[in-house]
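**Q** Full structure from sequences and hints, please.
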Amino acid sequence: MGRYIFSRIIGLLVTLLGLSLAVFLLMHSIPGGPFNLEGGDKGIAMPEAIRKEILKNAGLDKPLPIQYVNYVWRAMHLDFGVSFIRPTETVTELIGRTWMVSAQLGVVTLLFAVIIGMSLGVWAALHQNSWIDYSATTLAVAGSVFPNFVIGIVLVMVFGVLLKWLPTNGWDGPRYWIMPVVAYSLLPISQIARFTRSSVLEVMGEDYVRTARAKGLPEKLVILKHILRNALIPVVTILGPLFADVITGSFFIESIFRIPGLGLFFTSSILARDYPMIMGTTLLLAGLLSVINLITDLIYVAIDPRIRLTG
Amino acid sequence: MSKKLIVSFVIGVVILAMMSACTPQVVEKEVVKTVVVEQTKVVEFQPVMAKNAWGKELPAGALPVDKQVLTLPCQEGKYMDVAASFYDASKSCGGVMLWERLVMLDENSNVVPGVADKWEQSADGTSWTFHLRDGVKWSDGSPLVAKDFEFALKRQLDPKTGSGFTWFYSDIKNAGDVSEGKVPTDQLGVKATDEKTLVIETVGTIPYLPQLMAFPSSGPVPQKMVEEFGDKWSIDPKTCLTNGPWKLAEYSTGKQIVLDPNPNYVGVHIPLIEKLIFKPGTGTADFSAYQAGEIDGMFADQDTTPITPTDYKMIIADPRLRRELYAYPYFATRYFFINPTVKPWDDLKVRQAVAHAIDRQALLDVIYDGLGSPAYGMLPVGFPAYKPMDEFQKFDVKLAKQLLSEAGYPDGKGFPEITLWYKNDEEAKILTCTMVQSMLKENLGINVKLQPVETKVFNATFAKGDIDFGLQNWEFDFIDPSNFLNVWNPELGRHKDWNNAKFNELTSQAASGKDPIKRIQMYEDANKILSEDIGGIFLYNWGHAQMWKPKVMGISKDTLGFMRVPYYYLGFHSLYIGE
Amino acid sequence: MTDLYSGNNNKNSIGLWQDAMHRFKQNRLAVIGLFASVLLILVTIFSPLISPYPYDKQNYSQTAKSPSWQHPMGTDLLGRDMLSRVMYGGRVSISIGILVQLAAIIIGLPLGALAGYYGGRVDYVVTRLVEGMMAFPSLILAILIMVTMGPGYLNILFAMVIVAWPSITRLVRAQFLGLREKEFVEAARAIGASDSWIIFRHIIPNSIGPVIIAVSLGIPATIFREAGLSFIGIGIVPPTPSWGQMIGQYYLAIQSFWFLPIFPSLTLGFAILAFTFVGDGLQDALSPRQRR
Chain A
1 MGRYIFSRII GLLVTLLGLS LAVFLLMHSI PGGPFNLEGG DKGIAMPEAI RKEILKNAGL
61 DKPLPIQYVN YVWRAMHLDF GVSFIRPTET VTELIGRTWM VSAQLGVVTL LFAVIIGMSL
121 GVWAALHQNS WIDYSATTLA VAGSVFPNFV IGIVLVMVFG VLLKWLPTNG WDGPRYWIMP
181 VVAYSLLPIS QIARFTRSSV LEVMGEDYVR TARAKGLPEK LVILKHILRN ALIPVVTILG
241 PLFADVITGS FFIESIFRIP GLGLFFTSSI LARDYPMIMG TTLLLAGLLS VINLITDLIY
301 VAIDPRIRLT G
Chain B
1 MSKKLIVSFV IGVVILAMMS ACTPQVVEKE VVKTVVVEQT KVVEFQPVMA KNAWGKELPA
61 GALPVDKQVL TLPCQEGKYM DVAASFYDAS KSCGGVMLWE RLVMLDENSN VVPGVADKWE
121 QSADGTSWTF HLRDGVKWSD GSPLVAKDFE FALKRQLDPK TGSGFTWFYS DIKNAGDVSE
181 GKVPTDQLGV KATDEKTLVI ETVGTIPYLP QLMAFPSSGP VPQKMVEEFG DKWSIDPKTC
241 LTNGPWKLAE YSTGKQIVLD PNPNYVGVHI PLIEKLIFKP GTGTADFSAY QAGEIDGMFA
301 DQDTTPITPT DYKMIIADPR LRRELYAYPY FATRYFFINP TVKPWDDLKV RQAVAHAIDR
361 QALLDVIYDG LGSPAYGMLP VGFPAYKPMD EFQKFDVKLA KQLLSEAGYP DGKGFPEITL
421 WYKNDEEAKI LTCTMVQSML KENLGINVKL QPVETKVFNA TFAKGDIDFG LQNWEFDFID
481 PSNFLNVWNP ELGRHKDWNN AKFNELTSQA ASGKDPIKRI QMYEDANKIL SEDIGGIFLY
541 NWGHAQMWKP KVMGISKDTL GFMRVPYYYL GFHSLYIGE
Chain C
1 MTDLYSGNNN KNSIGLWQDA MHRFKQNRLA VIGLFASVLL ILVTIFSPLI SPYPYDKQNY
61 SQTAKSPSWQ HPMGTDLLGR DMLSRVMYGG RVSISIGILV QLAAIIIGLP LGALAGYYGG
121 RVDYVVTRLV EGMMAFPSLI LAILIMVTMG PGYLNILFAM VIVAWPSITR LVRAQFLGLR
181 EKEFVEAARA IGASDSWIIF RHIIPNSIGP VIIAVSLGIP ATIFREAGLS FIGIGIVPPT
241 PSWGQMIGQY YLAIQSFWFL PIFPSLTLGF AILAFTFVGD GLQDALSPRQ RR
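Protein chains in written order, with my numbering: chain A, 1 to 311; chain B, 1 to 579; chain C, 1 to 292.
Because the hints were derived from the structure by calculation, they are not lab data. Please read these numbers as outputs of a predicted model, since none were measured by experiment. Not one of these hints is a red herring.
Sample of chain C residues facing chain A (criterion: CB under 10 angstroms; computed from the structure):
(1) G132
(2) F136
(3) S138
(4) L139
(5) M149
(6) A227
(7) G228
(8) G244
(9) I272
Ideal Cβ placement from N, Cα and C applies to all residues, glycine included.
**A** What follows is the structure in structure tokens.
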């Protein structure tokens with residue numbers, strides 16, 4: 001087991017390295033640079049001396065391979081540079097600040113989705129093919145119909161502008177969380193609910209459930225001790241990737257509700273050609289995704305000893 | 001008395017009590033100064049009007065001092081220091097209001113005193129001298145001297161500062177050489193001859209130098225703070241010294257930027273608003289925030305939050321919102337630039353045909369609801385040296401068709417597909433190009449391929465000279481024809497493909513010309529040449545619009561009757577919150 | 001589970017496909033979804049013929065008009081008919097959804113097959129590649145690609161394909177890995193069948209089920225992604241309409257010109273729903289679980 005984890009971590013680092021190179025090259029191939037050296041909107045180019053100075057300060061005057069090596073070397077010491085666009089903050093500070101917000105949004109959304117989704121799924125499965133089942137399933141499906149940004153827009157209009165019950169943007173407290181979390185969680189709720197439902201149904205058809213009932217166990221205990229316990233395990237396994245999705249895909253919600261999170265910052269970093277931020281954010285997100293995948297795989301093994309780990 | 005009567009009486013009393021509690025009270029503040037002043041006045045039985053933090057009386061109808069707060073949207077930049085890197089600084093988050101310059105501009109763009117109370121040009125026209133008023137201080141109480149302005153300008157032109165705004169000061173002696181690193185900064189033609197006098201030497205006679213000095217980037221900079229704290233000096237309230245009416249109270253990046261009264265303000269521009277809260281954002285969600293009441297205004301003054309054409313349509317369709325809208329003409333021109341050295345643009349007739357095929361009024365009507373004027377030349381309507389002259393580019397489909405035939409492409413047959421480049425950052429630009437594409441197809445039968453690109457990509461491609469047909473605008477920086485026309489002189493400005501010898505001669509000479517009347521004449525002629533030779537196809541001068549909640553009062557009105565808050569200068573100084 | 005061959009000989013046992021189709025037909029939602037999807041596809045293919053106006057015809061006297069008989073979905077800021085634009089936009093969005101998944105199969109099937117069947121070094125390289133791509137959050141990758149290449153139809157096709165191919169490859173590989181050990185494959189080998197015979201006649205038909213499901217669920221996912229990218233302005237750009245782009249352009253106008261973002265939103269939701277029902281139906285039909 002230890003060896004497995006070790007080899008996975010090595011693989012992770014190799015992947016990150018490869019990714020960093022790919023992103024580095026991609027980044028530098030985008031036309032335009034961070035500093036409007038050719039004069040920005042007014043189109044009046046900066047004098048040569050100033051251009052040289054700016055590039056020197058940003059470390060962009062060296063040839064690309066050297067820049068890359070410098071970056072990797074510093075990154076290994078956990079120094080990810082200073083943002084070009086916010087030169088008063090280091091990339092680590094900036095990412096830390098915005099990442100906190102995105103993580104909050106992600107965690108709250110996932111918690112909400114898990115609670116609602118699982119309840120809906122279990123409820124629907126236990127009353128299979130009744131009106132409860134149909135309405136719960138329809139409700140669940142409805143959540144996957146509209147992209148979350150569409151739902152977000154409608155919520156902002158209705159509750160923010162027209163009714164003025166909730167703030168339209170920002171992330172200053174629980175009140176600000178309500179609309180974004182609701183909009184963002186609808187799809188995960190739908191996915192969790194449907195998966196839970198089919199998982200519970202599958203377990204319900206298993207022999208040991210029939211045996212338990214035949215033994216005379218009260219239905220409630222059957223549900224609790226046998227059905228739920230076995231049905232929820234597969235659901236846990238999809239939570240890993242779901243969590244990863246939710247954390248990294250919050251961009252649209254952040255954009256509509258103007259939540260100062262990583263997704264929004266990443267896009268504005270790309271548009272502003274803030275190279276250190278782009279590299280830092282990509283590495284963080286990719287690293288996070290890989291770690292979540294690793295943990296998920298480990299959980300699989302822990303739960304179901306029949307699965308063997310392949311290298 | 002019956003029970004009913006008692007009950008209704010009680011209810012009535014309660015209601016009356018509630019009503020009286022709701023009406024605004026006149027706050028009586030105790031300011032020691034008041035006593036001294038009041039003694040000379042006739043004692044009348046009047047409620048004492050509130051005085052704000054600078055000792056100025058609030059006008060009638062104003063809410064109490066603690067309610068004089070404005071919450072506004074903004075775009076955050078690198079830091080507040082507008083004197084280091086104007087375009088990159090958080091200028092819309094209050095950066096332009098913290099430092100009062102030597103002079104300022106009023107709502108009619110006239111130069112008025114600022115830190116300097118007197119200024120004059122030398123007899124030979126080669127320099128300007130500014131005299132600072134007595135007693136000016138920094139917000140920490142330390143004295144403000146002319147050297148602070150000298151330091152600020154030298155720093156801005158120093159290559160080590162990396163400012164992209166050095167071109168703005170190219171009229172100062174040696175500015176060009178300093179910014180290119182050819183000579184050291186102390187050779188710059190800016191000298192503080194004593195604590196209260198600043199002398200600025202110019203390249204040629206520059207009548208508009210005071211305007212340059214009024215611009216927000218020309219403010220003073222506290223040398224010791226910069227030297228000790230570097231870039232961070234302007235984002236930390238403890239080190240950000242200001243000399244304007246406000247000081248920096250809070251800079252929570254991404255959350256809010258707060259300006260509080262500066263008790264050490266010495267000057268004539270005393271505001272009524274005490275506190276300004278700026279909320280940084282991305283610009284797009286601002287309108288819903290405004291409607292929800294989370295911000296008090298939306299202003300589109302020189303590349304801060306613009307109101308999009310869609311928003312605009314919505315606003316004018318709603319009577320309530322319409323009352324909160326303040327629209328005004330703006331000195332800016334949107335146009336197509338062309339490369340007349342490549343086919344098919346090398347044929348003057350082709351350029352003329354395209355110019356005549358565009359219905360500029362339709363553009364204005366659809367995009368700006370008519371707010372603005374069609375443009376047939378580079379100088380905007382009302383600008384010095386502007387003369388109406390539509391004969392070279394006016395909308396005339398028949399003429400356009402005829403010219404295109406004469407050029408060898410009857411009904412557009414055989415005309416190559418041309419690519420139109422533009423930035424996709426604003427809806428107005430996208431709509432303009434989409435409409436023109438359709439107009440050219442319908443009126444001339446020519447195919448235009450649209451090439452919308454990201455701003456940086458556009459700028460990079462343009463700088464390389466790779467765009468043959470593209471959309472650009474120019475917004476004014478100061479009121480002088482050179483600001484607009486130098487753009488078309490390959491040596492002085494950004495358009496290098498259209499190279500007309502006479503135009504270049506006129507603009508170069510006029511730049512340093514001494515005789516103001518002759519100068520204007522030269523710019524008029526140059527403008528005519530540009531229009532006639534179709535170096536650019538000019539589209540329109542669009543208007544700007546701001547929105548302010550009804551409670552925001554004191555919005556300045558200019559001589560033409562347009563009301564707006566000129567954000568860069570003294571616009572906020574006259575605002576107050578009222579009923 | 002029965003395989004393909006018994007269907008021809010034995011009238012009493014049902015082949016896999018017939019069994020699946022039967023179950024699919026019984027699933028009402030899936031059938032509705034299928035009809036709706038086909039309808040959408042037809043409408044969008046023939047939109048230039050059946051739309052009431054050309055999608056790019058501007059009319060400055062009819063700007064931003066509310067829905068009416070002449071313009072059932074209203075007009076936009078340049079007077080263009082929204083119904084025509086929504087139809088044309090469907091063309092863009094749906095074609096991207098379908099083409100991307102097709103491309104993903106074209107790339108993913110051979111790659112995954114080779115990796116899963118032959119294993120060894122080929123498998124190692126392919127798996128590392130797939131893992132590397134999947135370590136990258138798909139949205140971020142798509143944004144990065146689109147900003148580098150610029151907006152436009154071909155570019156967004158490219159970006160979406162890059163995002164979609166890894167999961168198909170991984171799926172195919174897993175299928176091949178599993179099926180390669182099955183008895184009928186051993187039997188075929190024992191008879192002396194060549195590798196390509198085994199792959200084409202045995203493994204692919206048996207593995208195609210999950211792949212079909214993945215692809216059919218991938219279509220709405222791709223439509224969603226394209227809508228999102230166009231929404232923020234880096235996908236399909238004006239004047240070519242796409243549902244996401246229209247929503248992004250007009251969502252702030254929802255108060256006064258509600259019809260501008262609402263109709264594209266409804267159509268987008270309808271399309272995603274329809275394709276999702278089909279995908280769900282296929283999933284239920286091809287891998288029955290809830291037998292009672």
